[in-house]
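Peer 1: Dock chain Y against chain A, hints included.
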Amino acid sequence: MFELFNSMMKEEWRMHSSFFGNRGFALFPLVIAAISMLFSLSMIIFGRIISQAEVLLGLHYLLLFMGSMVGGFGLLGREVMNRRFGQASLMAYSSRTLPISERIIFTNFVVKDVIYYFFLYVLPFTTGFVAGALLIDLNYPFITLLTTLFLAFCTGLSFVFLLSTIYANLGKKGLFLLLLIPVVFLVFFQGTGFNRLYVLPPLVLYTNPSAEIFIIALALVILPSVISLIFLKVDYPQSQKHYRNQFKEAVERLGFYGYSHFMVKDYLDFSRSEGGAGKVVFSFLVPVILVWFFLPQLLKVVPGLDILVVFAVVVGMMASSMYNWLVEYDMFSSYAFLPLTVPDVLRSKLNSYSVLNVIPLAVVLIATIYAGRLYDIVHIVLLFVAVSLYVVSVTVYLTGLNTTFSLYSAGTFASYVLVIGPVVLGMIFLAQLNFHFVLASVALIPVAFFVLKRSFIKWSSWEV
Amino acid sequence: MIIVKDLSKHFGDTKAVNNVNLEVKKGELFGLLGPNGSGKTTMIKMLTGQIKPTAGEIFVHGVNVLEDPLRVKELVGIIPEQETPPSFLTAEEYLYFVAKIRKLEDFEEKCEWWFSYLDFAGQRDVLCKDLSRGTRQKLMLAQAFLHEPELVIIDEPLINLDPLMQRKVKDFLKDYAGKGGTVFISTHILDIAREICSSMGIIYKGNLVFSGSMDDPAIGERPLEDFFLELVN
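Chain order of the listed sequences is A and Y.
Under the working numbering, the letters of the first sequence match residues 238 to 701, in that order.
Under the working numbering, the letters of the second sequence match residues 190 to 422, in that order.
Only true hints are included.
Ranges of calculated distance between the beta carbons of each label pair, as one might list FRET restraints: (1) Lys695/A x Leu259/Y: 15 to 25 Å; (2) Lys292/Y x Val463/A: 52 to 62 Å; (3) Leu491/A x Asp314/Y: 18 to 28 Å; (4) Val421/A x Arg356/Y: 54 to 64 Å; (5) Ser197/Y x Val463/A: 55 to 65 Å; (6) Asp308/Y x Val679/A: 52 to 62 Å; (7) Asn225/Y x Ser698/A: 22 to 32 Å; (8) Leu259/Y x Val592/A: 23 to 33 Å; (9) Phe200/Y x Val679/A: 45 to 55 Å.
Derived by calculation from the structure, the hints in this document are not laboratory data.
Just so we're clear, the structure is a prediction, and the values are computed from it rather than from any experiment.
Idealized CB from N, CA, C, for every residue including glycine.
With the rest of the complex left out, here is chain A:
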């Protein structure tokens, strides 16, 4: 039993370090600590608009979300992992070939995830946050906060394991059940001004500690996992889908364009992979809407800030995540034996990226019109295009065709933040001096093309 747990820990570490390098991955907790420290330091500014209760609420839900992400990877990340390693090579599937029950494997898997991600996420996050808070004379009890954030993380992880078990057992019926969750959620919070969000047991344990609430918080972690164990099913329902030749039809329509076959392939990848078009809604449009509603709050801290400029910059940065969608399910080994180079594939992805940018561009246009700033539309659109192009060029240079995993490397992530952060902040600063200075963002366009040119040279020597 312990041998299996030990091997799973090694597997998880080696899997991550194979993507990022041992040192790059080992430093990742430091990056997490640095980010959370910056987060708590920013309370010097945001403390004026956010109460301590809201900060604690945000922290606990953030960790709940992180736990859900870790748990969700078992469900949603299968395509990526199977593509890279093949199902049979992961220890989670070893009951197929070794005399070990799936329950024992799953129990080890959950315990491994809990411990592994405690050290990778929860501990560095809490340490960074508390250390940053101390610097601005805010005192959080470290052990208490670590415990309650860890419980929030485990709640998210355990809950998503339960959802994946429901999905594995019930298939499409399970999906309907999952769709009911947001409905129940909405009914629960209707007319309460979201105050009920504060009933999250780990958060209550922090604010009003008691043995009862500790037991409830613990039960919320243990019960979903135990239920998942009882109804455990490793193989997910999968049906072999059949599709008519959409590639032929679409390429014929777009035949005038040299990269049409790549763009059609990217579109089909995007629409047929798990999540489909929902990815646009949940990983782009929802965060953009949240940003739009949050930005006016910044005016309380930085009076006179041009919200539309900040919005165009933020959307330009968020748009670059679409490049990640495009490269997520592709590997160059699929092309290495065809008359194509890595730069060819990168160019094709950038073409598709340009087309996908119609979505954030539309968002920026709508926001400009909504803000009654139609006369500023040229400035705002130019700013958005320049930022989007610049950020994606840096992304391509640093990560090539392996964006998802490369940004987990401490060095790559730090470079990414350092190269992009000052530039976008500089743009916002210039706009504060004089709105017309936004036009200086046009200088980012040749810079982006230069970075892309260097990227093609850099990645052309990459071998499969």
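Peer 2: Relative to chain A, chain Y alone:
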């Protein structure tokens, strides 16, 4: 058709391929034999310009692979060891995609022929990620011959196929070579080489320990297996 001069590939201290010299003539069906980990796949990756050698020269179709790997990939049909067609295209869409990359006209009939010949028309509308390994292997065979190349380089051509399909593919390769095409295959299954190859090389720990025709006097009357084991032991 293929000329290899003093070719080496080192990964750190590991000499995956060590000072190999080799020539494969037009119309030959050449088998590169060797145990697992002997350097076969590394050789194929260098021949097809997928990785760069540490030292040496390679000419394929008269093209210097180091100078113009893209041209080599245009001219040659290549089937890699691991069948990795993109996940979310169907089998048919993948062949169309390859045809577009290779800028082919009138390829639809050829696709039909391959679906029919390798008996996987029923899976043409299934996503590549959902295909069995055998069907993916058929798909990779079809894509490699779609542009009717004069040279095809195949890493383990029959490993995932059932006996019926193995027979068909062997017949096809022999017929193809008989009509002037050149085939370079790597395999560790000696029976395949004995049955279809006109010449062979044996690679062991990165060194080419034998190169010659299947009738080479060095082999004599012995079974190929005995000859192979003598060389690699």
